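Novice: This is what each chain is made of:
Protein chains: 4
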Amino acid sequence: MTSTRHLHRVPSPAQTRDTPLVDRYDQVRAASLALAAPLSDEDCAIQSMPDASPVKWHLAHTSWFFETFVLAPNVAGYRAFDPAYRMLFNSYYNAVGEKHPRPQRGLLSRPSRAEVAAYRGHVDAAMRSLLQQREPLSPDVASLVVLGINHEQQHQELILTDVLHMLSHNPMLPAYCTHDGPGGASDDARPAPALAWIGFDPGLREIGHASEAFAFDNEMPRHRVYLEGFAVASRPVCNAEFLAFIADGGYRRPELWLSEGWDWVNVRGVDAPMYWQRDGGGWGQFTLRGMRMLDLAAPVCHVSLFEADAYARWAGARLPSEAEWETAAADIAIEGHFQEGGALVPRTVAGPARNDGALAQMYGDVWQWTQSPYSPYPGYRTAPGAVGEYNGKFMCNQFVLRGGSFATPRSHVRASYRNFFPAPARWQFSGFRLARDAA
Amino acid sequence: MTSTRHLHRVPSPAQTRDTPLVDRYDQVRAASLALAAPLSDEDCAIQSMPDASPVKWHLAHTSWFFETFVLAPNVAGYRAFDPAYRMLFNSYYNAVGEKHPRPQRGLLSRPSRAEVAAYRGHVDAAMRSLLQQREPLSPDVASLVVLGINHEQQHQELILTDVLHMLSHNPMLPAYCTHDGPGGASDDARPAPALAWIGFDPGLREIGHASEAFAFDNEMPRHRVYLEGFAVASRPVCNAEFLAFIADGGYRRPELWLSEGWDWVNVRGVDAPMYWQRDGGGWGQFTLRGMRMLDLAAPVCHVSLFEADAYARWAGARLPSEAEWETAAADIAIEGHFQEGGALVPRTVAGPARNDGALAQMYGDVWQWTQSPYSPYPGYRTAPGAVGEYNGKFMCNQFVLRGGSFATPRSHVRASYRNFFPAPARWQFSGFRLARDAA
Amino acid sequence: MTSTRHLHRVPSPAQTRDTPLVDRYDQVRAASLALAAPLSDEDCAIQSMPDASPVKWHLAHTSWFFETFVLAPNVAGYRAFDPAYRMLFNSYYNAVGEKHPRPQRGLLSRPSRAEVAAYRGHVDAAMRSLLQQREPLSPDVASLVVLGINHEQQHQELILTDVLHMLSHNPMLPAYCTHDGPGGASDDARPAPALAWIGFDPGLREIGHASEAFAFDNEMPRHRVYLEGFAVASRPVCNAEFLAFIADGGYRRPELWLSEGWDWVNVRGVDAPMYWQRDGGGWGQFTLRGMRMLDLAAPVCHVSLFEADAYARWAGARLPSEAEWETAAADIAIEGHFQEGGALVPRTVAGPARNDGALAQMYGDVWQWTQSPYSPYPGYRTAPGAVGEYNGKFMCNQFVLRGGSFATPRSHVRASYRNFFPAPARWQFSGFRLARDAA
Amino acid sequence: MTSTRHLHRVPSPAQTRDTPLVDRYDQVRAASLALAAPLSDEDCAIQSMPDASPVKWHLAHTSWFFETFVLAPNVAGYRAFDPAYRMLFNSYYNAVGEKHPRPQRGLLSRPSRAEVAAYRGHVDAAMRSLLQQREPLSPDVASLVVLGINHEQQHQELILTDVLHMLSHNPMLPAYCTHDGPGGASDDARPAPALAWIGFDPGLREIGHASEAFAFDNEMPRHRVYLEGFAVASRPVCNAEFLAFIADGGYRRPELWLSEGWDWVNVRGVDAPMYWQRDGGGWGQFTLRGMRMLDLAAPVCHVSLFEADAYARWAGARLPSEAEWETAAADIAIEGHFQEGGALVPRTVAGPARNDGALAQMYGDVWQWTQSPYSPYPGYRTAPGAVGEYNGKFMCNQFVLRGGSFATPRSHVRASYRNFFPAPARWQFSGFRLARDAA
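Sequence order for the protein chains is A, B, C and D.
The numbering of the first sequence is our numbering, which starts it at 1 and goes up by one.
The numbering of the second sequence is our numbering, which starts it at 440 and goes up by one.
The numbering of the third sequence is our numbering, which starts it at 879 and goes up by one.
The numbering of the fourth sequence is our numbering, which starts it at 1318 and goes up by one.
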């Protein structure tokens, strides 16, 4: 069945488009600082692996983005805070010039966190002055500001994934934050609702972004795809289900794994999702809220594409393609936790299943791996200049994830949103939802 | 325009289906030995990198395939030539059991080449006896025999790619074979014909294998795809064109490259296709026929997906998707060299362009990279058991190549054929053809 | 000639032995904190390579040493500051139990620098209480306290070598400290004094530590060695001389290098001492006092054993053995800078040579590589228990350095002192002095 | 006690000095071919690790040595067999020019073994003609010929160590040679004789080579060393003793190991000597004669310096210094197997101990690790030119072994002979003998 009712409609990004740009700017800038607030200077300086960056670097680089792409080219007389930062906080834009090597971001004790805060203040003052000027911004500049806002939101999620990774390497397992807010240890001992399948008829569909609202270039152009009939699961795979996969020898059965995944399992000795830790007979999970008992009804999190794919094969199912996911997401999509809520863990969905065809936890909670390699859409064009390096050059050996996580700002995600990571990546808040061919 | 005339129709694989299976078997087995004939025992024993295998290993492993999947389970009383070979020549079939580690294939001086020849004889005798028995083979067994024949053809091409790689590491640059047959140094100084674009209308297409003839499981099921309008080039990119890319700084301009490709270029110091060597003002190319002057009108060969993609971006074009390629291949497709011809190099196509919309060198000569990651078709199912490991488990971080090369048996390739290699691979006979969106 | 006059006699370590132990303890503990004082919390948290440690780690580990070896076993009722520290700050003592992996010391944002300061305070209070008790310490405990004091002095030098290494990876090249004290940029443009040779007759000598004063176990027992006649240079090789080696192609001439050194030069692309940087036509050197013009009359610093050995071969000389060095050091030995002086760079010795046979800069300024592999002396015994791991287990693939550097406390070094590092190490304050066989 | 009787005196190398040089040349060249005779072309082509070389390479390189250092500079009109070989078979002589990279020696299928045989014939003809000419050779040329002969003897041992390593990587464990000659599986079930200690007084000794006979430059000059009193064991440590070390947890007790050795044990998972393989309750050992039951009374073989050192510490002893070993070797030294005997395994010494102070198996059987790093003797000078690269440049991070093995030609070894390998090396025929300080 293909439901058309929408119990919990995804709010259109357009809803936030009436907010003055300067307010949206201020809000996102404040949110980044708020995420860093529980952390010490030392917490903010350390880089725990080449794929992760120090929090201080995220705070500086997001400012660099506005300085380099908005202020320097468009504000007459703008003075860079420090000319050395142009190289120091360039992430990967070859067109901007030299870059400080990514694996060495953690070697920079200077500029200090206080200096980075001053840098943020300098950029904020110039940005506010630009955004509050009488004459309206040119569309090009406005769209760069919006890009910068969305860029900073992406780094907010990375601040949380990277700090969790760093803290996990400390034998004392310190929590990023402890509180009793939503998503505290579930006192709801009920299991997750039974998994149901929501079916979709074959046919020519459209996916991709079309509206006036902001979207990244990789979500465009909107285009037709032909889909065979398929079904997707009513909710993500939960921890209790993943435990059954482990108990059934899932990590020891080569027939379940992609060849590269099987090598990965064996070379790294993987036998559980990242951050899981055996605790007597049970399992604990290291989270931003510290070490907690594994929440059986919550979605499995911190799995690689390899693990998601192997689980799906074990379950007689498969991962959805991104076109299937996006098609399904137009249906009754129920949301989980987002960054704004401050839960810092996925929602626990317990109790009996709904029978209205709703797709639970379709947005928020955990990013959902798809089976789709990250490729350009037909007719995809990158923007000219350095900003064109934002997305297109990464379309190789990565897989698409959809839907956002509890660390994603709610205003940031949408049905067409394409996140992407290499198959072995696990330090993101990544889970998955099953799909299957129509019977 | 979308032509429907077919000047040189691709011969249907069905044409060879009336040949008795035992003859097809004998023919393919003889062809493998013929490829090894110019080589010494030492040539056949050496492994020049983990991705390549010794010729002796290819000769043994193709026999192992028949022994393991056809003879052992289906011939009562069959005695394995040597029980140790079950592990020794298992390439990657986890369901068969232990495997000798791939990077150590070159450490095996024993069994000797003569012993491997005896192994082949042992398997051949048993296979002939099976194939010549009065009662017809069960369809399952017959299809395993056909799979084994096609499998051996794949390894024939690998014998040539791997021996070229091995010889290229010898400072004396010995030729695999020297002869004056077709494809000798071109005495035709004319350039390649001007490149034309053959257009195709948007619409719902079908790709994949459907007929009764043999195809690998990864070519199925045949299914619908929606394609926007596109055009493909009338011939592959030739060496003269690739030289222009180099001269224009192609290897030094990051904006042309995928991010992973740019890293690859810089870490490895790549500045020309593999096996090219500067020779005074010009270029030589190491080939199976030894070091030769670069043939300007011949298709560029031994490039990675990264180089093909960067060239395409430089040329204001892109690589075709595999669906586009397969759609175009149903058109007027002209063939190049195949293994049977013994040329050992791509054909040189010189002189004026045709104006009939033909796609030159669509089959043979060089494998053509596509922009398509190697993924399962909708509804794809692997075979049960070990044979199911043939294709499916490699559908990750590889790209599809189409059309075959001068080292591919003509009877082996077809429009739906999907070859696949990782993006950096260059030791295959890999080139590419441009595509672009419809105007 | 073998002079017996002593213009500047090395102060006997015994001179400091009358200072009450508690005062010596307090002094060394305060000195460590003083070294960290110019640094931010972030400076103290970062580890720039596996061989270096964060400053915070040094501050904690030196406290751990007293807690683990003095307080825990000898003070009834002593409560460890935090039981987790036993593992966290164990450097390499297998007998103590688990160790936090050395390359991950820089991943620990917690304990914070403030917590480490509290840890130091906790240990200091207990140590003072122990050292001020009425009844005298048992000789075993007293000797462990003295060992801990000397251990902390070693880590003081490492604080400086490691922080210099960390700062050198910052493109902004921040100085550890800037001041106008001794060792400021030399306004003395005179070259170093001419190098003279001080000769020593062949004969049976004694080396090693013998007195009652403290020495490490690796300096004992004092024993006889037979030395052929030899001569040592009157001062270390200076920067001007090393520049001549470079100008003469020293880094490009394989005949000057040990085989392993030649590989090291080529794999790493070494063409100058560490921290040297070409600056127009001249050279700068990154130091604890920031980037400075290379001081031509100062001893060359930050060279590997390989470079010292190659230079010596180029100069028609060789490095001294440690027995030769120690024999010479009993002669007229003049001192350079030590940690206490706060110069943070070697002394510049300019002007005419003395003609009294004195060995300039024999102590302090730069550690002097010898040709001697670090091996046990005849009859060497390690202490029982964990403390026995201090020195002996490192007697493999390291070379001995002698004399101390400007970062070594003056009270720490003596003629028999054996420092040791692997041949490629350069981040220490390491230079060298030439020797040669008697004519 | 220091015995002066000599039951089995080591034959002076001088005894062979009356043999005409051409006969010595012919003899050594024939011996190399005889060692390769049991091997196939494939056996001779493969390189199993960068430290080992293909047999074919050894056969070619030893000819290259004569061609490059004797024939080319000294024989007017000599024509090199193939100019390409100058680079191809240069091992490590930078002064000769370019070298083919060592790790790629196994990539050379050409020149074939037959071509290498022809190369040997070409060199042999020219050498014989030189050696048989009427006028005597100049001393310089004669000494290069003798160096070449000794060089080829060294490579003979390497042929055996390298082929054993290569065969050990074949899961079928083929034997190099099977025969029933001496050293067949011991039918003598008696244990090794009880270990006795032979004592030596302290005093000034002389070590190093002095006579007119040939020795390598690293054995010179003869010089004085002062030795404290010491004792050495009457025989090498045997397999039964090493089993007791294993049974006592020797590989799991860090206090027994050098720090670098402990890392090596853990990173590589070492738990027994190389080539040992558990076989039910017992142990087998892979040898040149195939897999054999471990011979309990034979010397332990294929241990690293780390294992020898750890065993010695476990046994309350230590390894001898090379000066101690050489001093002891002047005593009653009994020989084991050498290459000429063809045993291919160490001698089994069973039965009751002698009580005449003899040092059993002091020469032959297994090389004996010493505690001495490989360093230059006082006054050591390398020869000028390329030949000077023979020994001196390797005096870094290696340890000295003494006494020869069952694979060493008897005529090749002597008391002053210094072999050297890095501490982790195990593929040589390396064992050890204990020493201790005088009581």
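If you're looking for bench data, these hints aren't it; they were derived computationally from the structure.
Please read all numbers here as calculations on a predicted model, not as lab measurements.
Warning: the hint list may mix true and false statements.
One side of the interface only, derived from the structure: several residues of chain C facing chain D at Cβ under 7 Å [as the list claims (entries may be wrong)]:
{"#": "1", "residue": "953"}
{"#": "2", "residue": "954"}
{"#": "3", "residue": "1050"}
{"#": "4", "residue": "1129"}
{"#": "5", "residue": "1256"}
Which chain A residues stay away from chain B? Per the calculated CB distances, all over 12 Å, these [unchecked claim]:
{"#": "6", "residue": "23"}
{"#": "7", "residue": "138"}
{"#": "8", "residue": "205"}
Backbone N, C-alpha and C fix where the C-beta goes; we use that ideal spot for every residue, glycine too.
Novice: Does each hint hold? Answer for all of them.
Specialist: Each hint tested on the structure:
1. Nearest Cβ of chain D to the Cβ of residue 953 (chain C): about 26 Å, over the 7 Å cut. The hint is violated.
2. Look at residue 954 (chain C): its Cβ only gets to about 28 Å from chain D, farther than 7 Å, so that hint breaks.
3. For residue 1050 (chain C), the interface hint is violated, since its Cβ never comes within 7 Å of a Cβ in chain D; the closest pair sits about 36 Å apart.
4. Using the Cβ-Cβ criterion of 7 Å, the hint placing residue 1129 (chain C) at the interface with chain D is not satisfied: the shortest such distance is roughly 14 Å.
5. Because the smallest distance between the Cβ of residue 1256 (chain C) and any Cβ of chain D comes to about 5 Å, under 7 Å, the interface hint for this residue holds.
6. Distance check for residue 23 (chain A) against chain B: the nearest CB is about 34 Å away, which clears 12 Å, and the non-interface claim stands.
7. For residue 138 (chain A), the requirement that its beta carbon stay farther than 12 Å from each beta carbon of chain B is met, with the minimum near 24 Å.
8. With a least CB separation of 9 Å from chain B, residue 205 (chain A) falls inside the 12 Å interface cut-off, contrary to its annotation.
Of the numbered hints given earlier, the model fails hints 1, 2, 3, 4 and 8; all others are met.
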